[in-house]
Every structure is written in structure tokens, then in C-alpha cells.
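Chemist: Chain residues, written in single-letter form:
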Amino acid sequence: MRVHINGEDKQFDEGSSVADVVASLGLAGRRVAVEYNREVLRAGDWAATPLRENDALEIVHFVGGG
Amino acid sequence: MQNDIFDVFELAGRSYRSRLLVGTGKYADFEQTRLAIEASGAEIVTVAVRRVNITDPGKPNLLDHVDPKRYTILPNTAGCYTADDAIRTCRLAREAGIGNLVKLEVIGDEKTLFPDVAATIEAAKVLVAEGFDVLPYITDDPVACKRLEDIGCKAVMPLAAPIGSGLGIRNPYNIRLILEQSSVPVIVDAGVGTASDAAVALEMGCTAVLMNTAIAGAKDPLLMAHAMKLGVEAGRAAYRAGRMPRRLYATASSPLTDLLG
Numbered sequence: 000m001r002v003h004i005n006g007e008d009k010q011f012d013e014g015s016s017v018a019d020v021v022a023s024l025g026l027a028g029r030r031v032a033v034e035y036n037r038e039v040l041r042a043g044d045w046a047a048t049p050l051r052e053n054d055a056l057e058i059v060h061f062v063g064g065g
Numbered sequence: 000m001q002n003d004i005f006d007v008f009e010l011a012g013r014s015y016r017s018r019l020l021v022g023t024g025k026y027a028d029f030e031q032t033r034l035a036i037e038a039s040g041a042e043i044v045t046v047a048v049r050r051v052n053i054t055d056p057g058k059p060n061l062l063d064h065v066d067p068k069r070y071t072i073l074p075n076t077a078g079c080y081t082a083d084d085a086i087r088t089c090r091l092a093r094e095a096g097i098g099n100l101v102k103l104e105v106i107g108d109e110k111t112l113f114p115d116v117a118a119t120i121e122a123a124k125v126l127v128a129e130g131f132d133v134l135p136y137i138t139d140d141p142v143a144c145k146r147l148e149d150i151g152c153k154a155v156m157p158l159a160a161p162i163g164s165g166l167g168i169r170n171p172y173n174i175r176l177i178l179e180q181s182s183v184p185v186i187v188d189a190g191v192g193t194a195s196d197a198a199v200a201l202e203m204g205c206t207a208v209l210m211n212t213a214i215a216g217a218k219d220p221l222l223m224a225h226a227m228k229l230g231v232e233a234g235r236a237a238y239r240a241g242r243m244p245r246r247l248y249a250t251a252s253s254p255l256t257d258l259l260g
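Residue numbers (numbering that gives the first Met the number 0), protein chains in the order written: chain A, 0 to 65; chain B, 0 to 260.
Just chain A, same shape as in the assembly:
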């Protein structure tokens, strides 16, 4: 299925959870935050949130800025 992550289209297996996607990107355990279809999704809910076709994720972290 197709999922939009940070504005890019990515393919994932049916039934993948948000936690699976975060882990597959090598971001497990990193200080990142996730927005699922424009709502913040707590890290504790990532595993229990299955993705569906055309869902949108924003995965953000902190960078240098003023």
C-alpha cells in the first residue's frame, strides 16, 4: 500500500503499523515526533496504529534554528 511520508510516496506491506514504518526508517529510539493524518500521534500509540492506503505521516526532529 502507498503511504505519504514527509511528502514522499512510500510502499509498505498491508497491516504495517506506524511503529513498523518508524523502525524500517531506522528511527526507532530516536528523538522524533510523528503526526498521523495531521494529528500528533503519541509514541505509545505507534504500534497500535495500523496504516491504510493513502495515509499521511509527518516525521520530524529538531534541527538548528533561531
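Just so you know, these hints were derived from the structure itself, not from any lab. Check before you lean on any hint, since a few could be wrong.
Far from chain A, by Cβ distances over 12 Å, these chain B residues were calculated [stated by the list, open to error]:
1. Gly12
2. Thr54
3. Pro74
4. Thr88
5. Glu109
6. Pro171
7. Leu178
8. Leu221
9. Gly241
Not close to chain B: a few residues of chain A, all C-beta gaps over 10 Å, as computed [as the list claims (entries may be wrong)]:
10. Asn5
11. Gln10
12. Asp12
13. Gly14
14. Ala18
15. Asp19
16. Val39
17. Ala42
18. Ala46
19. Ala47
20. Asp54
List of simulated lysine to aspartate or glutamate pairs, EDC-like, C-alpha gap at most 20 Å [what the hints assert, rightly or not]:
21. Lys145/B to Asp132/B
22. Lys145/B to Glu121/B
23. Lys68/B to Glu37/B
24. Lys9/A to Asp55/B
25. Lys9/A to Asp54/A
26. Lys58/B to Glu7/A
27. Lys9/A to Asp19/A
28. Lys124/B to Glu38/A
29. Lys25/B to Asp63/B
Glycine included, every Cβ here is placed at the ideal spot set by N, Cα and C.
We have chain A; now place chain B onto it with these hints.
Modeler: This is chain B only, laid out in the frame that chain A set:
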């Protein structure tokens, strides 16, 4: 002389000694960022929230170099042009485990980076209601600052001049009006160019100064970070010491008696 050369100030329930808040943008690398922050003596450090590069997610992270246990991390909403985007950004920042403190900026114009005052106020209302400690970047407008204070913002952060311009405090009279009316900390945010600009802000009675480009954009950022630390300390000490009155004519410093005959 007052015993405490460094007085502390309270911000959102915590006390700080350093009156210099610094950004982490525009440095050559994370090591230079870390060293500049150290030289500045800052205890509060701003960061931006951005998408992870998902094609290269393993890159080193800013917070591996700027320890959140040592510094208060202040996420900003730089680059947001709507209240909604700024609110989403703050929610994400909080979820990333940094805390409730946010630097709210809703930009209204890409050339001047002046804030959208109406959208900033709108976003501040929502964020305060959601329990954020909101520090809004705002124009040097006493009315806008008053509104933000009334909403429940923990400080007001009027600009000295456009972000990254280095022009110094362009309207000291407005800053004075803001100081006079405010019962929350007044932090001059943006537009400072060099150490004397920072000193002026503190001499006027501002609580603190927030800057990024003035340090990162100097030829020698580490030396400028040190200069800013001294400028802020000098300005604060001068404010507390109470300056002498200005006089139009000279008053001699040496005795006027017992001169040679």
C-alpha cells in the same frame, strides 16, 4: 556594591542566570554550535522542528551535541505562515519530549520576516489553552505585546529589527513602552548585530536577549559568542547600577581648589 553580581530571572517557573538566549542555526557544524553555545553562557537554546530526511535518516542529530539535560531547549515555529502550522509544530515539539516551552512565531512576510500579529495572537490562545508555555516573537508593538500577555504568554519577545538584519534596536521608544507595561519578561528577539546592541537592550531594562545570526554570522562565532555574553552582562549590571544623569555641560572630575598659583 550588590553582592549578587548575577541576579536571576524567572521564566515559565524556572530561574535562569544567563540573560542571553541563543539559536542553533547557521553554524558550520554541530561542534561549532556546541562551542558557541558554551562560549555564550546561554542556558536556553532555540531549535527548529523539521521533517526527518527519510532517504538518509541516520544523520547525526543536533540534540546529540546540545544536551537537553544541560540546556533548556526552546523549539521554535520558524517558517510557519499560519496559526495552524505553528500549532501543529508546537504539538509535535512537545511530543518529541522536550517540554511545554515553545517559541511561537507566525511569519507574515517572507522578505522582512515580520510576524503576522493576528495569526500569532490566534495561535497563542490555542497553545496557552493546551498548556504550552508560550514565548511569542512579535513586532515591537506595545498593543500586540499587551494582548499576548493578557492571553497568558510567559514572556513577550519583541523584535529589535528584522530577523538576521543585525541592525540593532530600531525603535527603543517602543521597547521602553513595552517594558513599562509588561509584568512578564521582555526578551528582545531578533535584529541584534553586535555586543553593544545586546548591552543597550539590557541597559534599557529588558529581561534578556535572544539571538542567532549575530553570533553564527560573525567571522569568528566563538569570539562573538563570548562578546555577547559580556555585552549582556555589562548591560544588565549597568541597568541595576543605575546610570548617572545626562548633563549638557561638563562637571570636573578633579578638584577645582589648590591649583598652582
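Chemist: Is the Cβ of Thr88/B farther than 12 Å from every Cβ of chain A?
Modeler: Given a closest Cβ separation of 8 Å, the condition is violated.
Chemist: Given the proposed pairing of Lys124/B with Glu38/A, does the C-alpha separation stay at or below 20 Å?
Modeler: 19 Å, holds
Chemist: Minimum C-beta separation from Thr54/B to chain A exceeding 12 Å: can you confirm that?
Modeler: 8 Å, violated
Chemist: Against chain A, does Glu109/B hold up as non-interface, every C-beta pair farther apart than 12 Å?
Modeler: 16 Å, holds
Chemist: Over 10 Å from every CB of chain B: does Asp54/A meet that, or does the non-interface label fail?
Modeler: Correct as stated: the minimum Cβ-Cβ distance to chain B is 15 Å, above 10 Å.
Chemist: Holds or violated: is the Cβ of Ala18/A farther than 10 Å from all Cβ atoms of chain B?
Modeler: Check passes; 15 Å lies beyond 10 Å.
Chemist: Once the closest CB in chain B is found, is it more than 10 Å from Ala42/A?
Modeler: 7 Å, violated
Chemist: When you check the alpha-carbon spacing of Lys9/A and Asp54/A, does it fall within 20 Å?
Modeler: Roughly 11 Å separates the two Cα atoms, so the pair holds.
Chemist: Any Cβ of chain B at or closer than 10 Å to Asn5/A, or is the non-interface label fine?
Modeler: 4 Å, violated
Chemist: Verify this label for me: Pro74/B is non-interface relative to chain A, using a Cβ-Cβ cutoff of 12 Å.
Modeler: Violated, because the least Cβ-Cβ distance between Pro74/B and chain A comes to about 7 Å, which does not exceed 12 Å.
Chemist: Quick one, are Lys58/B and Glu7/A close enough, alpha carbons at most 20 Å?
Modeler: The hint holds at about 19 Å.
Chemist: Within a Cα-Cα threshold of 20 Å, do Lys9/A and Asp55/B meet the stated pairing?
Modeler: 14 Å, holds
The structure fails to meet hints 2, 3, 4, 10, 16, 17 from the earlier list, while all remaining hints are met.
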